[in-house]
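Student: Each chain, letter by letter, is given below.
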Amino acid sequence: MIDYNPKAWFTFIFRFHKGDTVRKLSPMFLGLSIYSAAVAYIEMDFFKLKADSELKNIVIVHTLLGFVISMLLVFRTNTAYDRWWEGRKHWGALVNNSRNLAIKLSAMLPANTTSREYFRLMVPNYAFALKNHLRMNFIGGELETVPGFTVDTTKHVPNQIAAHILAHIHELYRQQQISGEQLLSVNHELQAFTDICGACERIRNTPIPFSYSVFIKKFIFFYVMTLPLGYVFTVGYLIIPVVVFVFYVLASLELIAEEIEDPFGFDANDLPTDTISANIRKHVAEIL
Amino acid sequence: MIDYNPKAWFTFIFRFHKGDTVRKLSPMFLGLSIYSAAVAYIEMDFFKLKADSELKNIVIVHTLLGFVISMLLVFRTNTAYDRWWEGRKHWGALVNNSRNLAIKLSAMLPANTTSREYFRLMVPNYAFALKNHLRMNFIGGELETVPGFTVDTTKHVPNQIAAHILAHIHELYRQQQISGEQLLSVNHELQAFTDICGACERIRNTPIPFSYSVFIKKFIFFYVMTLPLGYVFTVGYLIIPVVVFVFYVLASLELIAEEIEDPFGFDANDLPTDTISANIRKHVAEIL
Amino acid sequence: MIDYNPKAWFTFIFRFHKGDTVRKLSPMFLGLSIYSAAVAYIEMDFFKLKADSELKNIVIVHTLLGFVISMLLVFRTNTAYDRWWEGRKHWGALVNNSRNLAIKLSAMLPANTTSREYFRLMVPNYAFALKNHLRMNFIGGELETVPGFTVDTTKHVPNQIAAHILAHIHELYRQQQISGEQLLSVNHELQAFTDICGACERIRNTPIPFSYSVFIKKFIFFYVMTLPLGYVFTVGYLIIPVVVFVFYVLASLELIAEEIEDPFGFDANDLPTDTISANIRKHVAEIL
Amino acid sequence: MIDYNPKAWFTFIFRFHKGDTVRKLSPMFLGLSIYSAAVAYIEMDFFKLKADSELKNIVIVHTLLGFVISMLLVFRTNTAYDRWWEGRKHWGALVNNSRNLAIKLSAMLPANTTSREYFRLMVPNYAFALKNHLRMNFIGGELETVPGFTVDTTKHVPNQIAAHILAHIHELYRQQQISGEQLLSVNHELQAFTDICGACERIRNTPIPFSYSVFIKKFIFFYVMTLPLGYVFTVGYLIIPVVVFVFYVLASLELIAEEIEDPFGFDANDLPTDTISANIRKHVAEIL
Amino acid sequence: MIDYNPKAWFTFIFRFHKGDTVRKLSPMFLGLSIYSAAVAYIEMDFFKLKADSELKNIVIVHTLLGFVISMLLVFRTNTAYDRWWEGRKHWGALVNNSRNLAIKLSAMLPANTTSREYFRLMVPNYAFALKNHLRMNFIGGELETVPGFTVDTTKHVPNQIAAHILAHIHELYRQQQISGEQLLSVNHELQAFTDICGACERIRNTPIPFSYSVFIKKFIFFYVMTLPLGYVFTVGYLIIPVVVFVFYVLASLELIAEEIEDPFGFDANDLPTDTISANIRKHVAEIL
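Protein chains in written order, with our numbering: chain L, 6 to 293; chain E, 6 to 293; chain R, 6 to 293; chain Z, 6 to 293; chain C, 6 to 293.
No lab work stands behind these hints: they were computed from the structure.
Be careful, since some hints might not be right.
Not the full set, but computed from the structure, chain Z residues with beta-carbon under 7 Å of chain R [as the list claims (entries may be wrong)]: (1) Arg81; (2) Thr84; (3) Asn101; (4) Asn105; (5) Thr239; (6) Val240; (7) Leu243; (8) Ile245; (9) Val247; (10) Val249; (11) Gly270; (12) Asn284; (13) Ile292; (14) Leu293.
Even glycine gets a Cβ: it sits at the ideal position worked out from N, Cα and C.
Same shape as in the complex, but just chain L (with noise of 0.2 Å):
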């Protein structure tokens, strides 16, 4: 994620930071120009139609279905949003459980016991695991090696090590160094951590429904297309900037609800679990 000053306005406006649309839309940009152009040059100089041409007035087509494409891309703003913002609510449950945990355990369990030792090291190894996973991969030296605990890398990574930390705390418990409703306490905690890894998943293996998906992409694509052919009749060559300046909105919106609804890779705009997961080993080393 891009850390930034919300309230620079003019560096946004005329900076062309990675990630920006501009960026990557330019190609698009310059075969748009080129199009128009073109539309411009066989609609206006060689066929010479005359401005009550019939054509003219294709423009219906665009007044009646601007509204649509505008709440269709809203639509795909929201839902692509609030993705990345449940995305966000997970990794900050995360925090909370990892945090809340800590803190519990510390309460419950003596000082300098090798319980202690193992949860400092194990709780925070659960937020860097899912980070990998969520992005596929494996990272063994981010890990803090626990005695007694070894990854079998074939297997969900993450799953191991909740099933690790719960039957360490099961094992203090028919020990009898918690109790039965010192055990129920973290009951909530200890499954958070499946429950956050099972949404995260969810989030990154389910874009919107592929029907839409496709509809949009053809919906903008016909919509630019056919914008040249009955406004060359009113603006003639401006045609050009208008046609880049209208496929720039329609298609960065799209663009960036694309990169925004998996949030846990390497975009721009994903979210910083590298950071969160620091923290969390941070935050569970000093109370513990």
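Position chains E, R, Z and C against the provided structure of chain L, taking the given hints into account.
Tutor: Relative to the frame of chain L, chains E, R, Z and C by itself:
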């Protein structure tokens, strides 16, 4: 569900996938083309109505109501998408609860007991039974055979599996193999199965209110059928692609909404419940 | 609730079902036609106002406010639909809680006890009592006779059933037929009954604020009544179908919203609470 | 809250109820009529500006921004309605929790004990105290006298009642009249009282951010005041009803939103907290 | 947060409060006036372009995209408001949990113990520590001195307070001053502190995705800067107030959104966390 790369724009625009609304609507496109051509012929060439005909101004209806129809379609899209996404969330919760139950039972039960074996087979059976139940069928072969459990297919199958699992847990509790606090700590997961089943049944059995469904279809029909009456005067025979394109946009939104509002079937955009069920079986087996 | 196939377009468009707004509004259509014809006659034939009359430009009101009225109707549609869907969710939760309670009690209680029999009869009684309570009536014949339970119809009926079930459970607990942890494990289901009842009462008793209801109706009325004043000059006697169609669209949305915002009655779009109650009885009997 | 039949259209349209925005805004209507007439006179009759004056085209502002103002008013409407509905939900939850607490205590406590009497009086007191607390007053006469409980009106009254009820419950637990599990089973209801109180205080104390409130009012003011400047040229003295009607629509939405965003007072649309409190007392008395 | 009477219309319209966007934007108003005047002079007086210039029709861009920009600003407004309101909800929950914890502990602990004293001082400390933590500073003087507790300002301060409170509770449990069920009954409140802290940190640290922030600013800039190019032909030098007003509206929405999306600072619209913290201290002292 179709797995796709949402960033492959050009593939989307020019190919006509299974489930693409262009394929489904193409017979209607033909019909509408003929109708529009007929209207254009009758008004312009047969009656030779002049451009100052009052019929030309009928287009005010489309201007005044174009906004309402767009809003309605977005309402339709939002509610259908919400069901689809809610269904996805419930199946995600099924994954989470199956995993959490396996993780907790793994921590409670000694290695190599028949109960571990029982839960390893029985918990994933719930997902398969639910998947088929939501499609109104029963596939015995997808359920693992579990000693002591027989299905009565004339009754509600998921309920039988949930009841059998719960009875097994309470039996372990009566035999003091798990304690009262341990019983409480799996209570959430156990009741979640039936809650998820009920929520999915609710989504499947309750389309949007009949009146909205009728009203939207009538509205689209009259909107599109009256479109050529007035616009013929401004665009001539170009009315044919205009009507077809407007109809394509409006009808596509309704069609996609119809398809995704019951997300548990076999439609192109439906949820991958087969894959999810298989994953539950795989992950539970890894843990227990 | 009308059961229907949402994909049967042509049936929808040409048939006029019970609950179709066309049927309900047809007297108004007639009235508006006469009114519009009168306005057209007076302006065009009686006073022979010319097309450059200032009255013609009164249509700016409809342009400026057409958007506001659409937004308001969508707000109305959304809130009404949300109540309908929230009501459906509560009845879904009633199904889930009845099933879960039956599944849990089945696991706790020995076979063939009078308590099993008691819960098999009493739990579904709650759904039937609630259904009738929400319709402000009481149908004694729909409740199964349960030994030791008599209804006082002058008091809140669902509360009596819930209190009786809870008293039975606590009696079992005092007799140590169920343990403290088992008591806690059904706590959620037991309190859910009364929560659902209260939520449904809230939906039934609270229509949208009076001011909105009045405002929307006044707005639609003035919007439609002033429509012919200006548009007569552009469409002549075609104003009659135009006004009728615009009114049909605006009033339909308000009418449907009125119907579904209290979803527990006997309207065509109301929830199938009879069927749901019968299903609860059937499934609870299968389990217990 | 005004109780009304949402289907009585004609009553709504022609009567001007208490709380109707037409009544509240009528002085403004007069002022705006004079203003518009003055603008019309000055532009048309005094300066005799011609219809091709550049001032005529100032209407582009209203076209460009008409959409923004509508969106803003819908945003305003949605947030105000959400508070009103959230307030209603909290009072519904108060009903549910009072009933559930009564039902559970009824099952736990033997008949005819002083504790039953205590809770029968004290639980409904909370609703009455909260109702008055939210209106910033205290009506001692509405609280039932409970032996051993005196209110200190200089302190937070609902908190005192909640604390007294909780102290009573824990006292019963210390005397072993209720068990630990029974204590836990009423924990949710007991903490819900204070959660509901805090949520209602939040709604009452937090109107939408000051900047939005100011901005919307300024925007409506400038939008309406500049309306006659340009439109006088097209509609002449008909500008007077046009401006009044546009103002009526825009200001009504803001007025209604202001009224319902704090739903606990005595405004026409406020929630019927008196009735709800009385119902809680009635139903709790039926149960306990 | 500015405390205000939302019904005082005229005060709002004519005064320019601190935080009013008119004040913040006035330098930009001047710049835009000069720019618009320059464009008008160049087009009309220098080049003497005629009204049938193709440049005039460039306004189609503003018509086609006016809708998209409005939708985007409403999306922006909604998400910013949602954060502000979510932040307010979390602080409301902090109030509720502090009160509930005090009420429960008051019922559990005997009068005049050091533990009561401890919680009376320590629970409100959390609110003050969180308030300052969210503003990235630490004000030791606002924390009550509690025997046995020292803050390490290099570490996460709220976490230390939460951990200290939890350790104290578990110590009471080990000493059997509170029972296991009583420990469980305060579990929710204890973990809520850290959940609230994490949620507020999430809101503060996560503005809307960078790409949207950039895109909206670029879009407003180009939209406003191109506005005079075409509209000069229709409104002449009146373009100056038109451009300023359109910019005022669009930029105000973005400015207010920027201000409220991080609601924990010292901006005019930020939440009154100082007051809320003081209230928590007052109410907890009343109860314990």
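Student: Take the hints in turn and mark each one as holding or not.
Tutor: Against the structure, the hints:
1. Arg81: With a minimum Cβ separation of about 11 Å from chain R (threshold 7 Å), the hint on arginine 81 of chain Z is violated.
2. Thr84: With Cβ-Cβ at 12 Å, over 7 Å, it is violated.
3. Asn101: Given a least distance of 4 Å, the restraint on asparagine 101 of chain Z holds.
4. Asn105: With a closest approach of 5 Å, the asparagine 105 of chain Z hint holds.
5. Thr239: 4 Å, holds
6. Val240: 5 Å, holds
7. Leu243: Because about 5 Å separates leucine 243 of chain Z from the closest Cβ in chain R, which is inside the 7 Å limit, the hint holds.
8. Ile245: 12 Å, violated
9. Val247: Hint on valine 247 of chain Z: holds, closest Cβ of chain R at ~5 Å, below 7 Å.
10. Val249: 10 Å, violated
11. Gly270: 13 Å, violated
12. Asn284: At about 9 Å, which exceeds the 7 Å cut-off, the nearest Cβ of chain R leaves the hint on asparagine 284 of chain Z violated.
13. Ile292: Holds, because the Cβ-Cβ distance from isoleucine 292 of chain Z to chain R comes to roughly 6 Å (cut-off 7 Å).
14. Leu293: 9 Å, violated
Comparing the model with each earlier hint shows violations of hints 1, 2, 8, 10, 11, 12, 14; every other hint is respected.
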